[in-house]
Amino acid sequence: MSEFDETTKTLNFDSPNSYVGRSVTRPNARRLAQGRGQYVDDIVLPRMVHVAYVRSPHAHAKIVDIKTKKAAAMPAR
Amino acid sequence: MNTLLETVEITLTVNGERVKRSVPARLNLADFLRNELELTGTHVGCEHGVCGACTVRVDGEIVRGCLMFAVQADGCEVDTIEGLSDSREIEELQSAFVLTNALQCGFCTPGVLMAAQALLRDEPNPSRERIREYLSGNYCRCTGYQAIVDAIEAVARARAGRSR
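Here the protein sequences line up with chains A and B, keeping their order. First residue of the first sequence: 1, per our numbering; consecutive thereafter. First residue of the second sequence: 1, per our numbering; consecutive thereafter.
One thing to keep in mind: the hints can contain errors.
Stated by the list, open to error - Rough simulated footprint, nothing fancy, chain A against chain B, three-plus residues with beta-carbon under 8 Å:
(1) 40–52
(2) 71–79
(3) 105–111
If you're looking for bench data, these hints aren't it; they were derived computationally from the structure. C-beta: ideal position from N, C-alpha, C; glycine also.
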């Protein structure tokens, strides 16, 4: 059975096996091709803060102390 | 004086709109467009000029937004994916990308489209090899390049057919 509706120019995907053997275009592709997708880095939330990791410069060492005083004294935003 | 916080006033044209901002001297163009102007279609991938996701046009030439400081764009004309979409300049390419499924997550796509448009402007009828070579600075980590080359080639052929 043909699932293509000539008047609306759309495919009826609800009928059985209607996806088989067909290219199905993705509904969000055009938006993404315009740079209008939203990725994690694009999201801005109220009072959002950022995290910065400080990694150990030593391959194997015991953490004795973490000095946070300077970082805590920085302005929050 | 804290040099990190030192700001410079710049005036430039972005997507045909004049903008004036005070920016830190070390802010790169991609971050400026994304954070200052909220043009998040320009993506930041590798942050060192390898992946091409931040490709934008400055005075007609494509550049890596992450390798240029915002202050260097002072007085320049900058075009981003949003501008090229709104002016419909790359409509044909975008349609071809959708039709051939030349994108999956779409993260690299704005940069790829900027590069493809620059290629077709300078070389209207490139070979598949030439398209691949030109796009060697744009990384796609999901779709693979076959469909991307297909899409660009299709647009080039269609344009050549019309001008004949």
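Status of the hints after comparison with the structure:
Evaluation of the coverage hint for the stretch 40–52 of chain B: fulfilled, as 5 residues show C-beta separations to chain A shorter than 8 Å, against a requirement of three. For the stretch 71–79 of chain B, the proposed coverage by chain A is not satisfied: 0 residues have a C-beta within less than 8 Å of a C-beta in that chain, short of the threshold of three. For the stretch 105–111 of chain B, the proposed coverage by chain A is satisfied: 5 residues have a C-beta within less than 8 Å of a C-beta in that chain, meeting the threshold of three.
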